[in-house]
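Student: So you can see what is in the structure, the chains are spelled out below.
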Amino acid sequence: MLSIIVFLPVAVAAGLLALPRLGDNAVRWTWIAASAVELVLVLGVWVGYDPAAPGYAYEVNRRWIPSVSSGYHLGVDGLSLPLVALTAVLFLACAIYSLRQTQRIRSFAALFLFLETVCLGLFVSLDLILFFVFFDLSIVGMYFVIAGWGHKGAARAALKFFLYTFVGSLALLLGFIGLYLSAEPHTFDIAQLAEQNPLAGQGVAGTLVLLALVVGLAIKTPTVPFHTWLPPAHTEAPAAGSAILAGVLLKLGTYGFVRIAMPLLPDTWRRYAWVIVIVGVLSVLYGALVALAQRDFKRMIAYTSVNHMGYIILAIGAAGLIATSNEQAHDLAVAGAVTQMVSHGLITGALFLLAGVLYERGHTYDMGSYGGLAASAPRFAGLTAIAAFASLGLPGFSGFIAEFQIFTGSLGATPVATALAFLGILISAALFLRAYQRIFLGPPRAAGGTTDLTAPETISIAPLMVLAVVLGLFPRFLLDVIEPAARTLGDLVSR
Amino acid sequence: MEGMMTQELGLLLPEIFLAASAVLGLLIGSYLPRRRQWLIHVLAALACLAGLASTVLDWLEPSTAVFEGSYSVDIATNATRAVVLVSVLFVLGLTADVRSHKRETEFVVLLLLSALGTVILAGTNDLLLLGAAYLLASVPLYALAAFAKDSPGTEAGLKFYLLGALLGVTMLFGIMLLTGLSGGTDYPTLADGIPDAPTAAAAVGVIAVIASLLFKAGAVPAQFWVPDVTQGARPPVGAIVTTIPKIGAAVALYRLVAAPLGLASLDWPLLFAVLAAATMTLGNLAAFFQSDVRRLLAYSTISQIGYLLMAVAAAGRSTLALPSLLLYLAAYAVTNLGAFAVVCALPGARTLTDYSGLRRHQPWLALGLTICLLGLVGTPPTGVFAGKLTVFTAAFDAGFVWLVVLAAVNTAASVFYYLRWIAPAMRSNPTTIEHAEPRAATTAYLAAPASVAVGILAGPILAVFQGNILIS
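As they're listed, the protein sequences go chains H and Y. At position 390 of the first sequence (counting the first as 1) the number is 390 in UniProt numbering, and the numbers step up by one without a gap. At position 241 of the second sequence (counting the first as 1) the number is 241 in UniProt numbering, and the numbers step up by one without a gap.
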């Protein structure tokens with residue numbers, strides 16, 4: 001089942017490339033249909049998933065490279081299932097949003113379907129090599145999206161993105177090899193490694209391996225000080241590319257923390273959790289402050305992503321600090337981190353698509369060139385307002401649920417850091433309100449077009465906001481899946 | 001005695017096929033009219049296929065040493081045979097350049113002879129045979145480098161010859177010295193003799209032998225010929241010299257480190273680790289701002305040899321060293337030939353800017369090029385990724401953590417220059433490229449998926465390559 005979910009999109013992509021006579025419209029609808037089928041399949045998996053059952057669901061474990069004990073091992077649990085669902089939702093939204101895409105639609109669709117396979121594959125991988133394969137392919141896929149369909153400075157931004165994140169992936173690979181060699185018998189299997197806890201009590205080796213993993217994942221996430229690839233990549237990427245980059249690809253990093261770094265190196269993680277907390281708080285504050293200073297709408301959203309990822313890092317750092325002393329707070333922080341991953345994916349995905357709409361109308365992201373759009377484009381203004389409020393964590397939206405859990409879970413562990421991170425919310429409230437005012441309120445300015453959202457734009461963006469509200473009001477169906485997994489992770493980390 | 005001799009010859013069928021087809025090809029070729037010389041290609045291809053079949057049969061047999069232990073038919077030799085023969089088949093697909101050339105037969109014969117030399121280089125357990133194989137693997141290539149008889153080719157051939165002759169003489173000196181010190185030329189005798197011999201004298205001898213193999217592999221400090229020959233000679237010749245001799249040389253180095261030097265007092269693995277580090281770094285740095293695609297590929301092959309030498313450094317210290325070396329060689333050969341196939345398919349495009357807009361007229365060729373170049377970077381799930389993964393693991397296991405870190409940094413840096421080629425090729429701006437040579441293009445279409453297949457099938461391939469070398 002999982003194999004079908006993972007490889008269906010790439011099979012469709014191969015089909016699209018192999019049938020050059022298919023018309024552009026047929027390509028668009030095939031893409032949408034494939035993404036919709038994916039979503040249905042993922043929903044089927046969700047319905048059939050029993051959160052109370054231990055271990056992984058829908059597990060597949062085949063031999064792949066037995067000489068290095070690396071297998072084709074797939075499975076979902078409460079940490080990965082929400083992200084799998086998020087991936088399916090966002091890729092469908094991007095497929096619908098791209099209905100108006102005209103430039104080389106066939107390659108564009110094939111590339112996105114390929115990326116969907118890669119992202120889904122990463123979330124369900126239970127083998128380090130398989131994880132790494134998908135991790136690296138996500139870089140390649142996104143490179144071509146940015147380089148091929150980006151704005152003016154895309155070539156440079158894409159190169160920076162590739163080099164930067166590739167360095168991260170190699171650091172990750174070094175860490176994986178370290179884990180492999182320290183395990184007895186040697187293995188790349190995540191489940192076995194989590195059971196063995198191979199580097200327990202080995203000070204220096206554990207520290208170095210954790211360092212390699214954290215650097216690799218922190219670049220992907222990204223956190224301060226490894227975030228510098230993110231703003232240019234986002235600014236130059238096409239709207240759908242940005243939505244996927246922020247919505248799904250950044251989660252590959254944070255997911256790596258909860259899937260690999262924490263359970264596989266529990267005692268080292270606990271020892272250095274304070275470093276993680278500091279990195280998290282710095283990302284929160286730095287991201288928010290720099291976002292405040294932006295005039296470019298898309299760049300601003302990019303920096304708020306750094307800020308939002310900071311909350312996740314803070315939560316998992318704090319979780320490491322209190323894993324042994326306060327189980328309940330630990331579970332709360334981890335559940336908050338995973339909820340934040342989903343929530344950020346929905347909200348920021350929507351914001352980037354809205355930024356794409358803005359660019360479509362006025363051919364610039366400069367907020368100073370717009371004004372009074374609310375009068376001529378009420379639906380656009382309304383959706384952006386909802387997305388902005390959701391992003392700053394207003395109650396009633398998914399972001400609030402996530403951040404509430406994160407802060408409640410972390411406060412006991414690191415009161416000072418949590419208080420500082422709280423400031424981040426204030427700053428992001430200020431920056432979103434100011435940006436909204438500039439673009440949508442006040443007297444109309446020259447740049448903004450007058451047309452409101454088209455049907456595909458509305459149909460792609462509105463459901464993301466509806467989901468954010470549903471999660472904000474009725475979070476139980478998500479938390480019921482996440483919380484048992486957070487408890488399992490707590491047991492692993494507190495060893 | 002006679003029965004044993006026949007049996008031993010039976011184990012050497014792949015080598016015999018290569019030698020026989022070279023001799024036969026030369027004879028037949030002299031009587032064939034120019035437009036029928038393609039028959040020699042068919043003969044060579046048949047010889048390779050027959051060689052592959054007998055290699056598979058040999059694989060099922062237990063490892064044996066033939067000719068009084070001077071030549072091993074073991075996993076390393078069989079893997080080398082398979083990789084070299086497949087490489088020759090790919091190269092035969094790139095030779096549209098010499099179609100109906102008046103020396104077409106000679107081209108194929110020289111290719112077969114150098115392939116034979118490289119296989120023997122990989123299999124030998126004896127310094128004298130190593131010397132002979134070195135010459136057999138080198139001399140045909142000097143001629144091939146100057147095949148076009150144009151001035152860049154002649155210059156390339158001369159440089160290649162001078163450096164090769166110098167290191168050939170150095171090698172003979174080393175062989176002489178080591179024979180004198182240990183009283184024999186076969187590896188077991190050397191393994192016994194070298195530890196007792198005066199360290200300095202033994203070191204000089206070993207270094208002289210190693211240097212010549214590094215020349216064949218195109219590794220530091222004997223890498224100077226690689227860019228000049230690759231750029232100066234015809235594109236198919238560039239493909240040959242950067243692929244085929246490296247396979248034999250890398251395996252020969254592995255054999256040398258694993259057997260006679262295993263017990264030596266000097267830290268030979270460390271020397272190879274340093275050589276690997278220098279080779280990969282120098283190759284990468286030099287490739288950075290190349291604008292000629294063949295020169296860029298030449299430096300890229302130097303850096304690849306650096307990664308390969310990591311497995312040599314890990315010889316005897318990690319069970320993964322030999323399988324990883326052979327896997328990397330197989331993946332590298334296919335991927336590198338795939339990249340060269342694209343170059344051969346577009347003879348008009350010489351610089352990176354010439355490739356601008358390739359996607360527009362030759363989308364599949366652009367895709368093949370992208371796959372091969374990303375493969376050379378080591379992007380999963382291509383073969384070179386699997387090779388790198390296992391080689392890195394072997395070196396890590398052998399205690400060379402610093403080398404693995406350096407190799408990772410180098411890999412990341414290499415992305416830059418491969419992307420300098422991929423990026424213009426994937427753009428869709430107007431271009432001068434319209435026509436692609438069909439046979440070389442077909443070869444590229446075969447090599448690119450093959451390079452991915454090696455990665456996906458890494459499990460079974462590694463299982464086949466598992467084992468140890470046989471020292472008589």
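Take the hints with a grain of salt, since some may be wrong.
As the list claims (entries may be wrong) - Simulated DEER-style distance windows between Cβ atoms:
1) Y:L285 to H:R271: 56 to 64 Å
2) H:H151 to Y:G348: 27 to 35 Å
3) Y:T353 to H:I459: 49 to 57 Å
4) H:P185 to Y:P188: 30 to 38 Å
5) Y:V405 to H:R62: 25 to 33 Å
6) Y:P438 to H:A53: 52 to 60 Å
7) H:L394 to Y:L285: 25 to 33 Å
Said to hold, decoys possible - Only some residues are given here: those of chain Y computed to face chain H with a beta carbon under 7 Å:
8) G69
9) T411
10) A412
11) L419
What the hints assert, rightly or not - Lysine to any residue pairs mimicking SDA-like chemistry, simulated, CA-CA at most 20 Å apart:
12) Y:K102 to Y:T199
13) Y:K102 to Y:K159
14) H:K152 to Y:H41
15) Y:K159 to Y:M176
16) H:K160 to Y:F288
17) H:K152 to H:R104
18) H:K160 to Y:H41
19) Y:K102 to Y:T189
20) Y:K149 to Y:L39
21) Y:K102 to Y:D150
22) H:K152 to Y:G357
23) H:K152 to Y:H101
24) H:K160 to Y:T170
25) H:K152 to H:V416
26) Y:K149 to Y:S428
27) H:K152 to H:G201
28) Y:K149 to Y:K159
29) Y:K149 to Y:L27
30) H:K152 to H:F7
31) Y:K102 to Y:P33
32) H:K160 to Y:L27
33) H:K152 to Y:N429
34) Y:K149 to Y:H101
35) Y:K102 to Y:T170
36) H:K160 to Y:R427
37) Y:K102 to Y:L92
38) H:K160 to Y:P424
39) Y:K102 to Y:V169
40) H:K152 to Y:S428
Calculated from the structure, these hints are not laboratory results. Since we're looking at a predicted model, the values are computed, not measured. C-beta: ideal position from N, C-alpha, C; glycine also.
Student: Look at each hint and say if it fits the structure.
Tutor: Going down the list of hints, with the structure as the test:
no.	hint	result
1	Y:L285 to H:R271: 56 to 64 Å	38 Å, violated
2	H:H151 to Y:G348: 27 to 35 Å	32 Å, holds
3	Y:T353 to H:I459: 49 to 57 Å	43 Å, violated
4	H:P185 to Y:P188: 30 to 38 Å	33 Å, holds
5	Y:V405 to H:R62: 25 to 33 Å	32 Å, holds
6	Y:P438 to H:A53: 52 to 60 Å	57 Å, holds
7	H:L394 to Y:L285: 25 to 33 Å	53 Å, violated
8	G69	29 Å, violated
9	T411	6 Å, holds
10	A412	4 Å, holds
11	L419	6 Å, holds
12	Y:K102 to Y:T199	53 Å, violated
13	Y:K102 to Y:K159	25 Å, violated
14	H:K152 to Y:H41	50 Å, violated
15	Y:K159 to Y:M176	26 Å, violated
16	H:K160 to Y:F288	15 Å, holds
17	H:K152 to H:R104	17 Å, holds
18	H:K160 to Y:H41	46 Å, violated
19	Y:K102 to Y:T189	48 Å, violated
20	Y:K149 to Y:L39	24 Å, violated
21	Y:K102 to Y:D150	15 Å, holds
22	H:K152 to Y:G357	17 Å, holds
23	H:K152 to Y:H101	48 Å, violated
24	H:K160 to Y:T170	46 Å, violated
25	H:K152 to H:V416	43 Å, violated
26	Y:K149 to Y:S428	37 Å, violated
27	H:K152 to H:G201	52 Å, violated
28	Y:K149 to Y:K159	14 Å, holds
29	Y:K149 to Y:L27	23 Å, violated
30	H:K152 to H:F7	33 Å, violated
31	Y:K102 to Y:P33	9 Å, holds
32	H:K160 to Y:L27	57 Å, violated
33	H:K152 to Y:N429	14 Å, holds
34	Y:K149 to Y:H101	12 Å, holds
35	Y:K102 to Y:T170	36 Å, violated
36	H:K160 to Y:R427	18 Å, holds
37	Y:K102 to Y:L92	17 Å, holds
38	H:K160 to Y:P424	16 Å, holds
39	Y:K102 to Y:V169	33 Å, violated
40	H:K152 to Y:S428	15 Å, holds
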